[in-house]
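**Q** Whole structure, please, built from the sequences with the hints as guidance.
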Amino acid sequence: KTCVRNLLDPMMSRMHFIFAVIGMITIAFAEDLQWDDSWETFLGAWSNPCATAPLKGTVTCDTSKSFEERATYLVYTQLAQASDAFVAYQNLSGHSALPVPELSIGAYQWWSEALHGVARSPGVKYSGAYNATTMFPQVIGTASSFNASLFKQIATVISTEARAMWNAGQAGLTFWAPNINIFRDPRWGRGQETPGEDPFLNAVYATNFVRGMQ
Numbered sequence: 001k002t003c004v005r006n007l008l009d010p011m012m013s014r015m016h017f018i019f020a021v022i023g024m025i026t027i028a029f030a031e032d033l034q035w036d037d038s039w040e041t042f043l044g045a046w047s048n049p050c051a052t053a054p055l056k057g058t059v060t061c062d063t064s065k066s067f068e069e070r071a072t073y074l075v076y077t078q079l080a081q082a083s084d085a086f087v088a089y090q091n092l093s094g095h096s097a098l099p100v101p102e103l104s105i106g107a108y109q110w111w112s113e114a115l116h117g118v119a120r121s122p123g124v125k126y127s128g129a130y131n132a133t134t135m136f137p138q139v140i141g142t143a144s145s146f147n148a149s150l151f152k153q154i155a156t157v158i159s160t161e162a163r164a165m166w167n168a169g170q171a172g173l174t175f176w177a178p179n180i181n182i183f184r185d186p187r188w189g190r191g192q193e194t195p196g197e198d199p200f201l202n203a204v205y206a207t208n209f210v211r212g213m214q
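Residue numbers (the numbering used here): 1 to 214.
Because the hints were derived from the structure by calculation, they are not lab data. As the structure is a computational prediction, the values presented were derived from the model and not from experiment. Don't be surprised by glycine CBs; every beta carbon is placed ideally from N, CA and C.
Just the calculated beta-carbon pair ranges, DEER-fashion:
| id | residue 1 | residue 2 | range |
| --- | --- | --- | --- |
| 1 | Ser145 | Asn181 | 11 to 21 angstroms |
| 2 | Leu173 | Pro54 | 22 to 32 angstroms |
| 3 | Val59 | Ser127 | 34 to 44 angstroms |
| 4 | Thr156 | Pro101 | 32 to 42 angstroms |
**A** Written out as structure tokens, the structure is:
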């Protein structure tokens with residue numbers, strides 16, 4: 001027990017520090033959060049970058065190639081040849097990917113929350129046609145029902161509302177859900193976001209939730 005404790009205590013201290021830093025950054029970010037329609041808009045701003053030069057006709061846009069080949073060409077050839085490759089790489093990193101006009105790549109916001117309902121996040125805004133979405137119980141509560149069909153029904157509702165939010169230009173189509181980390185230690189502090197400590201239940205939850213979202 002002493003050996004395990006000696007291993008765990010420093011690790012947990014580092015985790016608490018990391019989460020504290022993330023928390024401070026998140027709070028600071030949230031206080032200044034403004035919806036910038038010039039690059040965080042979703043509806044009507046996107047166009048197929050393969051329809052025009054310089055990507056048209058390249059390996060990146062060749063659907064007969066594998067995903068790996070297309071992505072490799074885009075990252076290591078096209079982006080590398082950009083007039084300011086460093087800025088181009090920076091713009092595509094993080095949850096708010098800025099546009100790369102030189103390659104006709106539009107902006108995209110990756111961070112839309114839907115853990116137990118479409119929720120306010122950098123990619124979800126309620127200033128539009130929809131000012132509310134359905135909130136379901138935290139995942140660990142839903143999972144405690146051991147009801148596989150319920151998991152799928154909930155995700156189906158979430159995905160329907162997510163699509164409506166997208167259609168109204170109030171959300172993206174990339175949602176961060178489900179969280180199926182195994183809940184091993186209550187000191188983690190986010191166990192309520194998971195189906196719990198049982199790997200089998202996690203698998204059943206994940207399978208049905210993803211099918212519902214799809």
